[in-house]
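As given, the protein sequences belong to chains A and B, one line each in that order. Using my numbering, read the first sequence as starting at 1 and increasing by one per residue. Using my numbering, read the second sequence as starting at 1001 and increasing by one per residue.
It should be emphasised that the hints constitute simulated quantities derived from the structure, not laboratory data. Hints may contain errors.
Stated by the list, open to error - Taking CB as the label site, the calculated pair distances span: (1) A:K634 x B:W1097: 54 to 64 Å; (2) B:R1102 x A:L392: 38 to 48 Å; (3) B:W1097 x A:R441: 24 to 34 Å; (4) B:R1102 x A:P670: 40 to 50 Å.
As the list claims (entries may be wrong) - With a straight-line Cα cutoff of 25 Å, these simulated DSS-like cross-link-like pairs (lysine-lysine) come out: (5) A:K122 x A:K148; (6) B:K1088 x A:K681; (7) A:K154 x A:K131; (8) A:K634 x A:K681; (9) A:K154 x B:K1088; (10) A:K133 x B:K1088; (11) A:K394 x A:K500; (12) A:K133 x A:K148; (13) A:K236 x B:K1088; (14) A:K122 x A:K133; (15) A:K669 x A:K681; (16) A:K380 x A:K500.
To be verified - One-sided excerpt, in silico: chain B residues whose CB lies under 10 Å from chain A: (17) R1047; (18) I1061; (19) Y1080; (20) A1089; (21) Q1105; (22) P1126; (23) K1128.
Just so it is clear, CB atoms sit at the ideal spot from N, CA and C, and this is done for glycine as well.
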Amino acid sequence: MTFFKPHSGARKTGESQKLRRNLLLGGVLALWMAGLLARLYCLQVVEYTDSLARAQRQQQRTVEIAPKRGTIFDREMQPLAMSLAVDSVFAVPAEISNPEMLAGLLAPVMGLSRSDLAGRFKAFRSFCWVKRKVSSQETARVRDLNLKGIYFQKEMKRFYPKGKLAAHVLGAVGLDDNGLAGLEYSMNDAIKGHAARVVVAYDARGQSFRSTELDGEPGKNVVLTLDENIQYIAEKALASAVRQWRAAWGTAIVQDPSTGAILAMASQPAFDPNEYSRSDPHTRINRAAGGVFEPGSTLKLVPLAAALEERLTNPREVIDCQQGSIALAGHVIHDHKPFGFLTVEQVLAQSSDVGAIKLGLRLGEERLHRYMRDFGFGSKTEIELPGEERGLLKSPAHWSGISIGEISMGQEVGVTPLQLVTAYSAIANGGVLYQPRTIQRVFRESDQTPLPPVAGRRLLSERTTGLMKQIFQAVVESGTGAAARLDGYSAAGKTGTAQKIDASGRYSKTSYVSSFVGFAPISRPAVTILVVIDSPVGAIYGAEVAAPVFRSIAEQTLGYLSIPQDNPSRWLQVASRAPAGLLRQTRGNRAGSFPTTSELTGAATSPFLPVSFSRSVAASSQGTVVLDEGPLFKVPQFSHWPLRRVAEECQRLGLELHVNGTGLAVEQKPPPGTRVREGGKVWVRFAR
Amino acid sequence: MPTLAKAIPRRRARRPRNQPVSGRASFPEIHFVKHIDNSRLHREVDRVRRRECLSLLGLGIVLFIFGLLLASQHFQGVRYGYQIEQLKAERTTLEEWNRQLRLEQASLADPQRIDTLARRNLGLTPPKPEQVVPIGGETKAPAESPEFARVFPGASEDPSSDQ
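Can you make the complete structure from the sequences, with help from the hints?
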């Protein structure tokens, strides 16, 4: 075999050609790569910003999400105001070919004027609202029409599920979701939150495949000190009284005296915050915080407390009420009745103006003014609600000669209901003045910021408040506040009837403000309640107009709060059916103490008493009632009984029931058939 | 290597159009057949190049798989993006529905509505104080409230006898 070796020259030529080709190819490739790199550099570096912006314009859209307003709860976490996303209908008029026809279709569906709608379609080009925050039914009807140029957008709408309940405290929001009144206004910054921007990436079919939320912050939730049930009790009782007496307005406040927390704040007339724009402006005023009035006798609290605190008097001191008139700086002030000598306690119980003026005179202008200021009159309580008034309290430099007398009896001074109830709460809690408040806490899911603890200011000594409680109790038990006497609970308070100033600038003879403020139960007050009725028709006295409202609110509220009864209501019930003489004796008793032996003996022989009761009073000795233990009962078999039946049976037998669990009775102690005496304890466990 | 050459026999045939006419000079066409037998040629294996090739191929495959993985992850990510958006929309809808239900619940629990139903439909009235049965708790009688004395079995009825 022979191998031909190529000619060296030819080989060199071939290699050089190959090399050339390779070089050429490499060069072309390098040029191509360089071109690509150059373009890439141009796109990624030089034109990066523009390209990115163009891509984002095509692929991404930034949508602004309206912030969700926080929910407002009552203290039991029942929602009183909350926001929901609803549809708003808008149009793009440029896409509408026949505005008249479209307006004709939309107007009846949405309850709008056809001409107004057509006018809007013609006036605007790119955007106009058709109707904002529409109902789901309206949305469905418009969607069914499937109209060109009509679109929907989600917006947040505020709802108040309890209607008028606590409307003056809650307030309302406008169409743009900003608070307009009440806490919605004063807490707007916290409740509203901040709008979120959501960057959404869309594909070629316009379907989103990525979204990023920026900057958004939902509004904070607010928990109030209000209790919706107590609020309802107060509103119902107040509305009934305002209706009955055809009053101009009325307000009722229920406060926890131990903390200053407002449990209920009612004003009449009221409005529905769901229909705020349609409500009468007159109904929107929160009279509890912004209604300044001359309090009348309820303000006798100040000269009396100050005189006791300064040890200028004591409840037993007798004051000459000068047969109901006193001359002061050339003016003669008359009492509503001609009183002679009254003890300090009776001065308040009978609401003698002359007695109160004499106490005020003992204090002197400076000291009386200082105590007025200390009680919080003449300055705002700084409650969280907007529109609070500071009232009217002149400095002594501006007082006339008669001012000290007028102020001592509650005139020539303007107070708000909130100031007055807070002052009485200071008496109820032993002398500490707490700032009234309606907000318990403000929170967001991720942010539980506690509010600063409640701090009070010592105003009076416990000795003084103890004496004041006795005096106010006497007002209810034997004085002008008899209509405020509670069934089952002891109560203390003061009536007030103040003349209003008429258009001529003089005190009116026909127009009055009737009020009652008090607290219960006396030993450990759970609530302080103020009722103010303005310009009642048919009756004018606080005892007649406002005290029954106090009674209605207090009885229901104390029962609702499960406050143990401290007044023997059952006995009073029995006594109320007894002869009139016995009734007087029993009612004359101080609340909180049980009937005397003689009353019981009389009651025991009364034909109106139940047999078991008559039997139980067996003997007496030296003012102490001694009761026989009574007969023995067999404990029933409670097995599989519901709680109600067990409770009724225990009540019938006079047994004290202790419950554990819910459902049907599964276990009891003592066992069925055990013989126990009336008042014996029974423990029953329930299970489902 | 010998080269064979032979004359190709001429045949009488119709003169093709491109052939010269007879009488003119013509050049014989010679066909050379060259037999080359490379059967015994063996190319020497270049192991280094082969390794390089294989490495290159392996790298290419790895890169391809990596690219494929990257691409699949990217598309999986996009798919997840769609799913996440869908779930977000669903969550928003459900949250809104939940809020609607809570609003409805709050409306139904309105004390005024319950009061009206209780009074009109069920004929209920507020309980009187004596109808309220305290359950479970000790009644916290105020300190100043007097208590009834009770006759306990075995105890003397005369308090003075205790002394």
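Tested hints:
| no. | hint | verdict |
| --- | --- | --- |
| 1 | A:K634 x B:W1097: 54 to 64 Å | holds, 55 Å |
| 2 | B:R1102 x A:L392: 38 to 48 Å | holds, 45 Å |
| 3 | B:W1097 x A:R441: 24 to 34 Å | holds, 28 Å |
| 4 | B:R1102 x A:P670: 40 to 50 Å | holds, 45 Å |
| 5 | A:K122 x A:K148 | holds, 15 Å |
| 6 | B:K1088 x A:K681 | violated, 57 Å |
| 7 | A:K154 x A:K131 | holds, 12 Å |
| 8 | A:K634 x A:K681 | holds, 12 Å |
| 9 | A:K154 x B:K1088 | holds, 16 Å |
| 10 | A:K133 x B:K1088 | holds, 23 Å |
| 11 | A:K394 x A:K500 | holds, 18 Å |
| 12 | A:K133 x A:K148 | holds, 20 Å |
| 13 | A:K236 x B:K1088 | violated, 45 Å |
| 14 | A:K122 x A:K133 | holds, 23 Å |
| 15 | A:K669 x A:K681 | holds, 9 Å |
| 16 | A:K380 x A:K500 | holds, 22 Å |
| 17 | R1047 | violated, 24 Å |
| 18 | I1061 | violated, 23 Å |
| 19 | Y1080 | holds, 9 Å |
| 20 | A1089 | holds, 9 Å |
| 21 | Q1105 | holds, 8 Å |
| 22 | P1126 | holds, 6 Å |
| 23 | K1128 | holds, 7 Å |
The structure does not agree with the numbered hints 6, 13, 17 and 18 stated previously, though it agrees with the rest.
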